[in-house]
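Enquirer: Line order of the protein sequences matches chains G and U.
Quick note, the first sequence lines up with residues 1 to 574 if you use the UniProt record's numbering.
Quick note, the second sequence lines up with residues 1 to 574 if you use the UniProt record's numbering.
Hints in this document: simulated from the structure, not taken from any laboratory.
All of these numbers come straight from a predicted model, not from anything done at the bench.
Some hints here could point you the wrong way.
Copies of the same chain look alike in the list, so a pair counts if it works inside one copy or between any two.
[Said to hold, decoys possible] BS3-like mimics (lysine-lysine), calculated; alpha carbons at most 30 Å apart, straight line:
| # | residue 1 | residue 2 |
| --- | --- | --- |
| 1 | 34 | 458 |
| 2 | 458 | 146 |
| 3 | 414 | 41 |
| 4 | 72 | 410 |
There are 2 protein chains.
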Amino acid sequence: MAVIAWWWLLTVVVVAFHSASSAVIESTWEVEYKYWWPDCKEGIVMAINGQFPGPTIDAFAGDTVIIHVVNKLSTEGVVIHWHGIRQKGTPWADGAAGVTQCPINPGETFTYKFIVDKAGTHFYHGHYGMQRSAGLYGMLIVRSPKERLIYDGEFNLLLSDWWHQSIHSQELALSSRPMRWIGEPQSLLINGRGQFNCSQAAYFNKGGEKDVCTFRENDQCAPQTLRVEPNRVYRLRIASTTALASLNLAVQGHQLVVVEADGNYVAPFTVNDIDIYSGETYSVLLKTNALPSNKYWVSVGVRGREPKTPQALTVLNYVDATESRPSHPPPVTPIWNDTDRSKSFSKKIFAAKGYPKPPEKSHDQLILLNTQNLYEDYTKWSINNVSLSVPVTPYLGSIKYGLKSAYDLKSPAKKFTVDNYDIMKPPPNPNTTKGSGIYNFPLGIVVDVILQNANVLKGVISEIHPWHLHGHDFWVLGYGEGKFKPGIDEKTFNLKNPPLRNTVVLYPYGWTALRFVTDNPGVWFFHCHIEPHLHMGMGVVFAEGVDRIGKMEIPDEALGCGLTRKWLMNRGRP
Amino acid sequence: MAVIAWWWLLTVVVVAFHSASSAVIESTWEVEYKYWWPDCKEGIVMAINGQFPGPTIDAFAGDTVIIHVVNKLSTEGVVIHWHGIRQKGTPWADGAAGVTQCPINPGETFTYKFIVDKAGTHFYHGHYGMQRSAGLYGMLIVRSPKERLIYDGEFNLLLSDWWHQSIHSQELALSSRPMRWIGEPQSLLINGRGQFNCSQAAYFNKGGEKDVCTFRENDQCAPQTLRVEPNRVYRLRIASTTALASLNLAVQGHQLVVVEADGNYVAPFTVNDIDIYSGETYSVLLKTNALPSNKYWVSVGVRGREPKTPQALTVLNYVDATESRPSHPPPVTPIWNDTDRSKSFSKKIFAAKGYPKPPEKSHDQLILLNTQNLYEDYTKWSINNVSLSVPVTPYLGSIKYGLKSAYDLKSPAKKFTVDNYDIMKPPPNPNTTKGSGIYNFPLGIVVDVILQNANVLKGVISEIHPWHLHGHDFWVLGYGEGKFKPGIDEKTFNLKNPPLRNTVVLYPYGWTALRFVTDNPGVWFFHCHIEPHLHMGMGVVFAEGVDRIGKMEIPDEALGCGLTRKWLMNRGRP
Numbered sequence: 001m002a003v004i005a006w007w008w009l010l011t012v013v014v015v016a017f018h019s020a021s022s023a024v025i026e027s028t029w030e031v032e033y034k035y036w037w038p039d040c041k042e043g044i045v046m047a048i049n050g051q052f053p054g055p056t057i058d059a060f061a062g063d064t065v066i067i068h069v070v071n072k073l074s075t076e077g078v079v080i081h082w083h084g085i086r087q088k089g090t091p092w093a094d095g096a097a098g099v100t101q102c103p104i105n106p107g108e109t110f111t112y113k114f115i116v117d118k119a120g121t122h123f124y125h126g127h128y129g130m131q132r133s134a135g136l137y138g139m140l141i142v143r144s145p146k147e148r149l150i151y152d153g154e155f156n157l158l159l160s161d162w163w164h165q166s167i168h169s170q171e172l173a174l175s176s177r178p179m180r181w182i183g184e185p186q187s188l189l190i191n192g193r194g195q196f197n198c199s200q201a202a203y204f205n206k207g208g209e210k211d212v213c214t215f216r217e218n219d220q221c222a223p224q225t226l227r228v229e230p231n232r233v234y235r236l237r238i239a240s241t242t243a244l245a246s247l248n249l250a251v252q253g254h255q256l257v258v259v260e261a262d263g264n265y266v267a268p269f270t271v272n273d274i275d276i277y278s279g280e281t282y283s284v285l286l287k288t289n290a291l292p293s294n295k296y297w298v299s300v301g302v303r304g305r306e307p308k309t310p311q312a313l314t315v316l317n318y319v320d321a322t323e324s325r326p327s328h329p330p331p332v333t334p335i336w337n338d339t340d341r342s343k344s345f346s347k348k349i350f351a352a353k354g355y356p357k358p359p360e361k362s363h364d365q366l367i368l369l370n371t372q373n374l375y376e377d378y379t380k381w382s383i384n385n386v387s388l389s390v391p392v393t394p395y396l397g398s399i400k401y402g403l404k405s406a407y408d409l410k411s412p413a414k415k416f417t418v419d420n421y422d423i424m425k426p427p428p429n430p431n432t433t434k435g436s437g438i439y440n441f442p443l444g445i446v447v448d449v450i451l452q453n454a455n456v457l458k459g460v461i462s463e464i465h466p467w468h469l470h471g472h473d474f475w476v477l478g479y480g481e482g483k484f485k486p487g488i489d490e491k492t493f494n495l496k497n498p499p500l501r502n503t504v505v506l507y508p509y510g511w512t513a514l515r516f517v518t519d520n521p522g523v524w525f526f527h528c529h530i531e532p533h534l535h536m537g538m539g540v541v542f543a544e545g546v547d548r549i550g551k552m553e554i555p556d557e558a559l560g561c562g563l564t565r566k567w568l569m570n571r572g573r574p
Numbered sequence: 001m002a003v004i005a006w007w008w009l010l011t012v013v014v015v016a017f018h019s020a021s022s023a024v025i026e027s028t029w030e031v032e033y034k035y036w037w038p039d040c041k042e043g044i045v046m047a048i049n050g051q052f053p054g055p056t057i058d059a060f061a062g063d064t065v066i067i068h069v070v071n072k073l074s075t076e077g078v079v080i081h082w083h084g085i086r087q088k089g090t091p092w093a094d095g096a097a098g099v100t101q102c103p104i105n106p107g108e109t110f111t112y113k114f115i116v117d118k119a120g121t122h123f124y125h126g127h128y129g130m131q132r133s134a135g136l137y138g139m140l141i142v143r144s145p146k147e148r149l150i151y152d153g154e155f156n157l158l159l160s161d162w163w164h165q166s167i168h169s170q171e172l173a174l175s176s177r178p179m180r181w182i183g184e185p186q187s188l189l190i191n192g193r194g195q196f197n198c199s200q201a202a203y204f205n206k207g208g209e210k211d212v213c214t215f216r217e218n219d220q221c222a223p224q225t226l227r228v229e230p231n232r233v234y235r236l237r238i239a240s241t242t243a244l245a246s247l248n249l250a251v252q253g254h255q256l257v258v259v260e261a262d263g264n265y266v267a268p269f270t271v272n273d274i275d276i277y278s279g280e281t282y283s284v285l286l287k288t289n290a291l292p293s294n295k296y297w298v299s300v301g302v303r304g305r306e307p308k309t310p311q312a313l314t315v316l317n318y319v320d321a322t323e324s325r326p327s328h329p330p331p332v333t334p335i336w337n338d339t340d341r342s343k344s345f346s347k348k349i350f351a352a353k354g355y356p357k358p359p360e361k362s363h364d365q366l367i368l369l370n371t372q373n374l375y376e377d378y379t380k381w382s383i384n385n386v387s388l389s390v391p392v393t394p395y396l397g398s399i400k401y402g403l404k405s406a407y408d409l410k411s412p413a414k415k416f417t418v419d420n421y422d423i424m425k426p427p428p429n430p431n432t433t434k435g436s437g438i439y440n441f442p443l444g445i446v447v448d449v450i451l452q453n454a455n456v457l458k459g460v461i462s463e464i465h466p467w468h469l470h471g472h473d474f475w476v477l478g479y480g481e482g483k484f485k486p487g488i489d490e491k492t493f494n495l496k497n498p499p500l501r502n503t504v505v506l507y508p509y510g511w512t513a514l515r516f517v518t519d520n521p522g523v524w525f526f527h528c529h530i531e532p533h534l535h536m537g538m539g540v541v542f543a544e545g546v547d548r549i550g551k552m553e554i555p556d557e558a559l560g561c562g563l564t565r566k567w568l569m570n571r572g573r574p
């Protein structure tokens with residue numbers, strides 16, 4: 001085992017912190033569009049208090065976070081989702097438009113108040129329309145007062161992808177008949193900084209003579225280099241909020257010890273690079289044990305789709321390095337379609353010692369077939385032949401007040417609607433239905449979800465889908481090839497040390513199994529984290545403990561739209 | 001007098017029609033973005049039921065119009081204003097966001113229901129953000145069952161200007177610090193059709209050989225030609241919903257007899273071309289008495305600003321014309337800065353015989369100084385040193401429910417705040433204030449408004465501002481040069497036969513006087529109809545009969561935002 005001595009072997013006792021000494025972190029955030037140069041070309045970003053990306057929330061487990069979000073947009077609503085925070089007792093603060101709350105109208109303020117109950121590396125982002133793609137995101141770090149990892153310093157690396165086409169135009173393109181695909185991103189960004197149409201490393205291809213990048217140190221697109229001292233251990237907190245791209249990150253000349261995934265410690269393992277899908281976070285420990293007179297590339301490239309986007313680069317900058325720039329070309333991103341390599345990475349991830357094992361058995365099982373389809377010639381993504389149409393009235397409110405016309409009361413199918421569906425071929429019937437039905441679960445049961453991938457509408461291809469569950473961590477029980485065989489493939493599940501996560505990748509033509517406990521009364525979105533896919537209906541909704549929702553205190557301000565608005569306006573009237 | 005015999009000399013008895021035989025015109029309109037080719041280049045328009053411009057409403061005076069507006073946008077609110085309709089008894093249906101209603105949220109439906117009480121040529125348009133500029137507009141024709149004009153046929157000509165930059169980008173540009181001006185429009189459109197970067201008439205400049213326009217007859221940008229028979233009289237109903245451009249319209253080889261302005265008959269007069277400002281409508285009668293074997297250009301060009309936009313052209317097409325296209329170049333638009341010519345046109349407009357004269361005296365007078373200023377280095381337009389900041393909670397609702405924190409209770413000044421203000425120079429103090437205060441008027445009084453123009457922030461220039469009043473027609477009492485002299489200039493007012501209008505132009509460095517009766521309980525927007533100017537705060541608000549508003553039935557759906565939403569949700573609770 002390649003475990004080395006400089007990091008502490010993790011044994012974790014998961015503790016929730018609600019101590020009396022918890023702090024309150026309170027902030028007012030004004031959201032507006034702003035001109036910005038994320039990739040050295042002027043564009044328009046969604047900024048928070050004039051910053052892009054938004055401010056980092058830095059809290060301790062048990063703290064209460066209060067964010068007053070002021071919508072300063074001209075005509076658009078907005079919400080913010082706190083990705084990875086379970087929102088126990090505060091489902092209305094989850095920030096998913098149409099699911100847990102109404103969009104905040106222009107000029108209005110909505111207050112999110114929630115407890116960050118356990119330590120972890122998280123982020124936040126817009127969850128209305130495609131506003132995440134417009135740059136509405138930032139880091140959300142929750143520290144443990146009793147951190148089990150030993151390190152000397154840390155860096156946040158928030159990864160994203162960037163288009164020059166506005167999100168309004170992208171939304172229209174995707175919603176058009178026929179659909180117009182938005183294409184690959186123009187740039188990858190590290191902490192909101194990238195370089196379009198120039199590469200910091202270009203001089204390697206030009207005989208070492210010329211650097212085609214003309215940004216200056218203070219430019220908005222100039223990379224933030226990571227300044228490190230030799231022979232120290234650094235924690236890199238890495239989050240991917242990409243709209244589309246699956247990424248790979250490497251630090252030249254350095255190994256990475258993976259210690260955390262989605263806010264949960266994992267059994268440490270050492271790699272040269274990590275794959276990271278949209279919605280995922282990782283912490284890796286990096287020892288600065290390379291030659292300290294050199295500089296080293298930190299490189300982020302595209303995997304899983306044929307890359308048309310240059311690598312994002314920044315520099316690991318030893319403080320006493322004599323080089324002006326790294327003397328070698330940046331690490332080459334592993335070839336995009338080497339899926340076996342990707343799977344090999346995923347399969348290295350296990351829970352750290354001390355984490356509770358999953359329950360041995362599940363009480364319920366969903367098998368969710370992911371297909372690309374047509375609905376009246378609009379291109380859609382469907383789950384068990386339903387493309388999700390998020391209603392105007394948030395489920396949380398319509399359930400609380402028993403407003404039965406707010407959404408489809410019939411739940412979608414729990415498994416394939418076609419028995420002998422051949423996942424290796426385009427759908428025999430290309431057409432799908434649209435719906436707003438949800439899955440209802442009682443509290444305290446164990447649910448298995450099998451995500452089943454399939455061939456897309458045309459051609460021989462199956463796409464990557466990173467699925468993200470709100471309000472929960474789940475155990476990743478396993479990945480398999482081809483079509484899931486109920487009653488058989490369950491036997492391959494890892495029940496010993498599966499990692500707890502909130503996002504998991506579904507590989508082409510394969511399946512992914514996860515298990516969770518319905519321990520959080522509320523309504524929770526479960527969806528592909530690829531922004532265009534979600535926009536095209538790729539999600540389902542879980543309601544847990546419906547009777548408890550009825551008794552929950554939900555701020556009226558969260559429900560001031562659609563049928564809940566009407567209900568609340570007539571409440572108490574004869 | 002150049003009056004000719006083929007049109008009937010107008011004597012009007014103004015009648016309001018509320019007869020039992022009135023019809024109900026009911027329609028459901030879905031508003032969404034759509035790809036379109038308004039000027040032979042692909043852009044994105046706001047379409048209604050897939051159409052651009054929106055459907056024409058064709059009603060008779062006394063009819064009830066019911067439009068269910070369904071917001072199919074992704075994240076944006078929307079409203080529709082029925083420009084020229086007085087909304088007597090239905091101020092909540094006026095469709096001015098923040099003034100008379102809340103924006104309709106995505107996925108929601110709002111029903112406008114109002115009576116079109118008198119005949120006239122009107123239009124409708126978006127009144128939230130800069131959605132009018134995105135193409136949210138259409139014609140609204142109200143006919144009289146006893147039409148006094150005699151004509152054989154009619155055409156609607158809805159004029160607009162078009163940018164290739166999206167409205168979201170335009171809004172940001174105008175709201176940025178420093179402000180970025182959006183520039184002149186790329187195209188002028190007639191009924192939503194124009195030609196970018198090509199001129200139908202270009203072959204005149206190219207030796208008659210080549211037509212650079214490549215559109216085909218069925219293209220979205222192909223002009224609708226006006227097919228006419230010889231020796232007939234046609235009514236052209238012309239409306240301008242431009243965001244910026246002041247226009248001039250001419251029909252080659254034909255004279256135009258102006259008979260209607262803003263829904264009111266005027267004493268007919270004959271011209272070769274008409275000026276039309278944003279927010280205005282005209283009807284002109286045209287006799288097809290030219291050589292019927294020829295074709296003739298209908299030409300629309302820019303006035304009042306240095307034109308950088310090609311003329312919009314279509315063809316008056318005699319049914320038996322043997323020409324394939326007009327044999328002569330289109331009429332030349334009068335030079336843009338010949339303001340005297342423009343004024344001369346305005347001053348030809350008088351009420352038709354039989355219209356009631358204005359009251360002899362006014363009870364109140366506002367003198368509204370129009371200035372361009374800075375607010376914290378943002379560029380703004382101000383009225384008496386207040387740049388209007390439209391509140392989130394619609395005035396109509398906050399007044400009805402007595403919600404005093406919804407807007408500034410202090411009214412803005414009724415006249416210049418600086419006594420010796422020199423309108424010929426840039427403002428001595430460039431800074432302005434922002435506010436949401438309104439002017440309150442009791443019912444049944446006569447109010448004079450003097451619009452006073454001035455020099456802009458920089459340079460020696462004063463801009464044109466067409467002012468539009470909601471909920472009313474007003475009498476245009478006169479235009480003057482320089483600074484209005486209270487107590488003196490009133491003597492020049494035309495009290496004999498001033499035209500009734502809802503929009504009037506304020507010329508550079510001059511003043512315009514208008515008079516209206518506060519006969520319509522409600523809250524009414526009065527603002528510059530130039531979309532960017534309004535976006536930068538150029539408007540005021542009049543409340544009439546505040547006590548009556550308290551007793552008015554206003555649909556809750558109009559008030560489901562801001563403080564009225566909160567109030568309505570808590571209504572009836574202990």
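Enquirer: Please work out whether the CA atoms of residue 34 and residue 458 approach to 30 Å or closer within one copy, between two copies, in both situations, or in neither?
Expert: between (39 Å within a copy, 25 Å between copies)
Enquirer: Is it within, between, both, or neither for residue 72 and residue 410, if the alpha carbons may be no more than 30 Å apart?
Expert: This pair counts as between: shortest inter-copy Cα distance 24 Å, intra-copy 38 Å.
Enquirer: Go through the copies and call it for residue 458 and residue 146: within, between, both or neither, with a Cα cutoff of 30 Å.
Expert: neither (52 Å within a copy, 62 Å between copies)
Enquirer: Taking 30 Å as the upper bound on the Cα-Cα distance, should residue 414 and residue 41 be classified as within, between, both, or neither?
Expert: Close neither inside one copy (47 Å) nor across copies (47 Å); limit 30 Å.
Violated hints for the displayed structure, listed by number in ascending order: 2 and 3.
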